[in-house]
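Student: Sequence:
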Amino acid sequence: MPPKAFGDVPPEIVDLIVRQLAAQYDKRSLVNLACANKSLAAFCLPLAKSLRSQTATIKLDWGWSRFDVTRRVRDYICHQREKRRSLDDVHRLVVKTTRDRFLSPRDEFYNPENWKSLINSLVAVIPTLDEFRYENCLGLRVPSFVCDAIQQYHPHCTMFLKMDHWSRSHSTLRGPEEFTVVTSPDVPGTGVKYAASWKHDWIETSGDLIFSVFEPDAFFQRTRYTSHCIGDGANWFKARFERRDAVLPRETLQCIDLRSSDGLTAESLLAWDTITDFSMLQALYLGAPKEHQIFGHWAVNLRFPSLKFLRLKVPSDLPAPHYTAVESFLCSLPLLSQLYLESWCSADLISSFVMRRGQQLARLSIASPFGYYLAENHLLTIAQHCPLLEYLAVSVRRSQGDIEEVACYKVLATIRHLKHLDFTLDVTDGLIQRREPDGPEPPPDPSFDQFDQEFYGEALSDVNQGVRNGHIRRLLINAAVDRDLALSIFHTIAPTNQPRELASLSQMNIRVTPPWQQWGIFAPSWHIQCDRTFKLPRIDVNELTYNEQEQRRREPLSPALEEIFYRIWPSHRPRKRKTSKKLNQKREKERMMEATNAWSRHWHSFPLYTGNEQENALAGR
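Counted from 1, the sequence shown has number 424 at position 422 by our numbering; the numbering is strictly sequential.
Treat the hints as calculated values from the structure; they're not laboratory data.
Owing to the predicted nature of the structure, the values given are computational and were not obtained by experimental measurement.
One thing to keep in mind: the hints can contain errors.
As the list claims (entries may be wrong) - Below, in silico cross-link-like pairs of lysine-lysine (DSBU-like), each with a Cα-Cα straight-line distance of 30 Å or less:
(1) K537 <-> K412
(2) K421 <-> K315
(3) K98 <-> K118
(4) K310 <-> K421
(5) K292 <-> K310
(6) K61 <-> K118
(7) K315 <-> K292
(8) K537 <-> K421
(9) K98 <-> K61
Claimed, not checked - What follows is a list of derived Cβ distance ranges for each label pair:
(10) L18 <-> T535: 22 to 30 Å
(11) P446 <-> P539: 43 to 51 Å
(12) H158 <-> K292: 48 to 56 Å
The C-beta atom is built at its ideal place from N, Cα and C for all residues, glycine as well.
Modelling step: build the complete structure from the supplied sequences, incorporating the hints.
Tutor: Structural data, given as structure tokens:
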């Protein structure tokens, strides 16, 4: 709807739209809508301010148990009332326990009775409590008085319980009742989320938690279990439940994470299908499988009708013919909203998949190894068949800013709803070449001169042979992405003169990944953020560097690399000074180091192809 036509909408309709937006999204969405015009700000800002004060958070730390709890509760309530003017607008209470595992004495700190008066007082003084969140960071049992307080003061309040646990080295500190979760039929809803961070402890600890939640006498109909199930222990769970004569609610798991497994097999997901219902599964994380035929087996035997999120890691040694089986598995899934592919090496199959199943994609990430990238036709397919795409992470070939590279950027500009772009510039340019030491030399590049035809005089890696000076020269030019070039790429994808209703790109990350680890100094990363709420967009450009990279850029280049570097930027070659015999040797060394280390200040980019012959000639094209 055009901005002028929105002012003709009746106020009651606008108020209904704003309240529906506040119910489904966060306050940031309301603030963005309020920036559209003044009439919307009158509806959005009061509601956004009320959302900010709907949640009260308290963290139970060491001080709550060591000092007078009654006094601390009174001071905390007074502080909340002074900050909020009233507790009537609080609808959510979040209670967090500390993560400090070295507190002493443990018995005094972890005694839940020390917190009983605190929980009861807070629950009692909040008249409009709708949700109670108990985030237990140490995996301790939930005190029974928590449910008693909720049942007494707010019988219609919904509880959400989050559990974490320690590693095996701290297992002696756990008691037999620490994973007991109290459920009551009087509580209308209970959500349980269990986050396991240690792979080896998962079967021992999370199994006890699941059994305590899903006891036969528990209130299954209103209990929801959301978990990141790490590992391949589906058969173990099934055996334990059969031995206990307990029935696992099959409509419970909404997320299964199998990335930590040491290679998936065809039975990995089939085993989980026996103890849970995949019709309710919404998110699936899959690591690299052991067998290449596993994807075709899953495509035939498994169905995920409610799946919205998929993160899949493809084996790095997967042969090209087996990518069709991966595509068949992806096409057997419903229309996904988020898809993340790792180690993907087939750009043509991405285009084929997007044409068939990309209508609902909102987030698409394709992480590819060196030498694999998406060309202009692949990006055009994504732009045409993903109308709802808001986030895109791909690898694009960097070719010294020529017309082919600029064409890829212009294709990305056609994705209308794109808000966040995260792409990697592939700067390999034929550097990845494998040949035996006694094998034939790779053919020379006809565009190279005599110096470029010579082989690079330093060892790079065991598998990269036949790298010529011309390849290194192109690598230095491609990796030279400074602030001006990063901003030029952003303006090519999201022009500032574009109408505001058509401009949507707000964040862009540019990464240059070198083909060799020791070349990390030639790997700049840029983060660009554009704020379009103003009449003239405000653009912030920041370089993302780390200390080791900055320190290595102060070091001099090797002789072979320095010779190539100053052939590209000859005007900045350091001059050799004639020093007298009386000059101190220390000063002479400092001057030479200062002149040599100046390369990082002279390393700059070349402009993109613009169609202007004069500008392209100055850029060396």
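Student: Against this structure, judge whether each hint is valid.
Tutor: Do the hints match the structure? See the list:
1. K537 <-> K412: holds, 24 Å
2. K421 <-> K315: Holds. K421 to K315 sits at ~25 Å (cutoff 30 Å).
3. K98 <-> K118: holds, 14 Å
4. K310 <-> K421: Given pair K310, K421 holds - Cα atoms ~20 Å apart, limit 30 Å.
5. K292 <-> K310: holds, 25 Å
6. K61 <-> K118: holds, 14 Å
7. K315 <-> K292: holds, 12 Å
8. K537 <-> K421: Distance ~19 Å between K537 and K421 Cα, so the pair holds.
9. K98 <-> K61: Distance ~5 Å between K98 and K61 Cα, so the pair holds.
10. L18 <-> T535: 22 to 30 Å: Holds, at about 24 Å.
11. P446 <-> P539: 43 to 51 Å: holds, 47 Å
12. H158 <-> K292: 48 to 56 Å: holds, 50 Å
Figure legend: structure checked against the earlier numbered hints; every hint is met.
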